[in-house]
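Asker: Let chain H serve as the given structure and place chain U on it in line with the hints.
What follows is each chain in one-letter form.
There are 2 protein chains.
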Amino acid sequence: MRYEEAGVHIAQKAEALKRAKAQVEATYTPEVLRGLGAFGGLFDSMALKGMRHPVLVATTDGVGTKTLLALEVGDVSGLGFDLVNHSVNDLLAQGARPLFFLDYLAASRLEEEVLAGLLASLAQACKALGIPLLGGETAEMPGVYREGAWDLAGTMVGVVEREGILGPERVREGDLLLALPSSGPHTNGYSLIRKVVAGHDLLAFVPELGESLKEALLRPHRAYWPEFLRLQENGVEIHAIAHITGGGIWENLPRALPEGLGAEIQRGTWPVPPIFPYLQRLGQIPEEEMFRVFNMGLGLILVLPEAEARRAQELVEGFLVGRVVPEPGIRLL
Amino acid sequence: MRYEEAGVHIAQKAEALKRAKAQVEATYTPEVLRGLGAFGGLFDSMALKGMRHPVLVATTDGVGTKTLLALEVGDVSGLGFDLVNHSVNDLLAQGARPLFFLDYLAASRLEEEVLAGLLASLAQACKALGIPLLGGETAEMPGVYREGAWDLAGTMVGVVEREGILGPERVREGDLLLALPSSGPHTNGYSLIRKVVAGHDLLAFVPELGESLKEALLRPHRAYWPEFLRLQENGVEIHAIAHITGGGIWENLPRALPEGLGAEIQRGTWPVPPIFPYLQRLGQIPEEEMFRVFNMGLGLILVLPEAEARRAQELVEGFLVGRVVPEPGIRLL
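Listed in order, the protein sequences are those of chains H and U. For the first sequence, UniProt numbering begins at 1 and goes up steadily by one. For the second sequence, UniProt numbering begins at 1 and goes up steadily by one.
Same shape as in the complex, but just chain H (with noise of 0.2 Å):
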């Protein structure tokens, strides 16, 4: 018996890895030392001696099932995208920068085609950001994964001075909400989505969200980014910022918020994307369960003093949709 015999297919996956290398090799900045092929990422962490207390700031995440959706149109190119700016999305609330991002690759067969795909739009994304794909692992697992099915997760690393640490202890009664819009439902609900359009043509023009279900439901993940650099850069003072993911409003804003307070959200305050009432009419979904899975629009959501939040819409596109108050809980009005 030999290794191929039980699954495992070597070849084809060292064939995607050359197809990609240079691609990824694009993403090197000049800190990386060491990247694929070595045992670990290397990269040289100079510039942290310079600041005046640094704190690593990390994150893993995964993409869920919309790498399912994607697969059965074909089209994996968004996904990178999907993960690496959810992760630094995830490093921003916290205040940090990124540094560099490491993949974790899966499938019960490792298709030459989807894994170069895969590769090509994480080392595109990375780029975009300007931070290295310093390393990874790709798997071939048959027994653990369906036939044809592929996951997809990562892990970001970044950096922050400890006194640029924005969270629940900066957050003051009155501090408003400032609503960065989501651009769909991101990478969660997918799971709920999946058996909602199941049977729907998914390339069909529809009328009602000005495009297609492939378009609406495979938009990549926004990253806030550039919104948030353009805010430091101009000094605008963040208390806390919420990454709206798994659990909407009701799960992820009360990471932002201290002890003893809570947040009152006005509905009506921002542009709900179209594919959630679409989603919720077609799935006959709960309201309450609608935020409780979905983003509903709110991708990210600033808490910043009442001054801050009026200079911020000047810099940035967001909706102003509440405010924090002393009632602790988040109450949606």
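Just so you know, these hints were derived from the structure itself, not from any lab. Since no wrong hints were added, every one of them can be taken at face value.
Lysine to aspartate or glutamate pairs mimicking EDC-like chemistry, simulated, CA-CA at most 20 Å apart:
id, chain 1, residue 1, chain 2, residue 2
1, U, LYS18, H, GLU251
2, U, LYS195, H, GLU5
3, U, LYS195, H, GLU4
Sample of chain H residues with no beta-carbon within 12 Å of chain U, all distances over it, derived:
id, residue
4, LYS18
5, LYS127
6, ARG172
7, GLU173
8, ASP201
9, LYS214
10, GLU215
11, ASN234
12, GLN266
13, ARG267
14, GLY268
15, GLN313
Which bits of chain U does chain H cover? Going by a derived footprint, with three or more residues having C-beta under 8 Å, they are:
id, stretch
16, 90-100
17, 157-170
18, 284-294
Using N, Cα and C, we set each Cβ at its ideal position, and we do this for glycine too.
Answerer: Leaving out everything else, chain U in the frame of chain H:
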């Protein structure tokens, strides 16, 4: 329709995380400023400022299909050690010490018992190395994973002084290869192993092995961190290290050698754990395939000057298995 109907069970996941919370938090060192529940883990890196030239090292790995064997016999307690120990070996192969770890856990259905068991195992493995389990992601993906299957991957970040980075550049002709023994197949070749032992009673005592297949096959990936530390503390000069994982010596030893040099390995100079000849006979696996898939008892190979190799042998259990030669390529004699 609700999220639960799409096969996603938010409550069970929350319950398992609650059960594992204390064990995860027990891994925290004073450097952990934010862990569980944050958008990203925060790790105070003031210590890096005291280094001459800090270089971060990061590696992502998975345990592969060893999970399926563990689930089959209902014992996932070693899988966290498999993952964490694999990762620390990849770091020390470059001379680095670990700082923190993040995990990625995914399954078709997050059964509370299994999830709590895996998190406990990960926490214990991190605790054993003295590093925090700084964060992670746990995802339920019906449609991606096979019924009852799990995947377990993770990322370790460490640091090394630039002048202390090990690697091919340091290796010289005549250097010796000192192998530290493996504890078995570690985390490689399990798709083949599962095919070979299919239908066998994994719990039955096997005289040839001196233990059951369960014991021989689920023994965790060995961490060479204590040995590495002892050698380092005693000032043993190591040139390069190869961690022998997927692809065996053929794929991994070259990663520790410079262009233009090769290595000779002399069979019979190290003890081959009995599980390997057992699997070879049972699966009628060609000898060269055995060396291509398994570590064959060579868990970690240190490349170091002859005099240092002799000193190292007095400090750790290791076997001189070969040497660096002027002809490129690996030769098994």
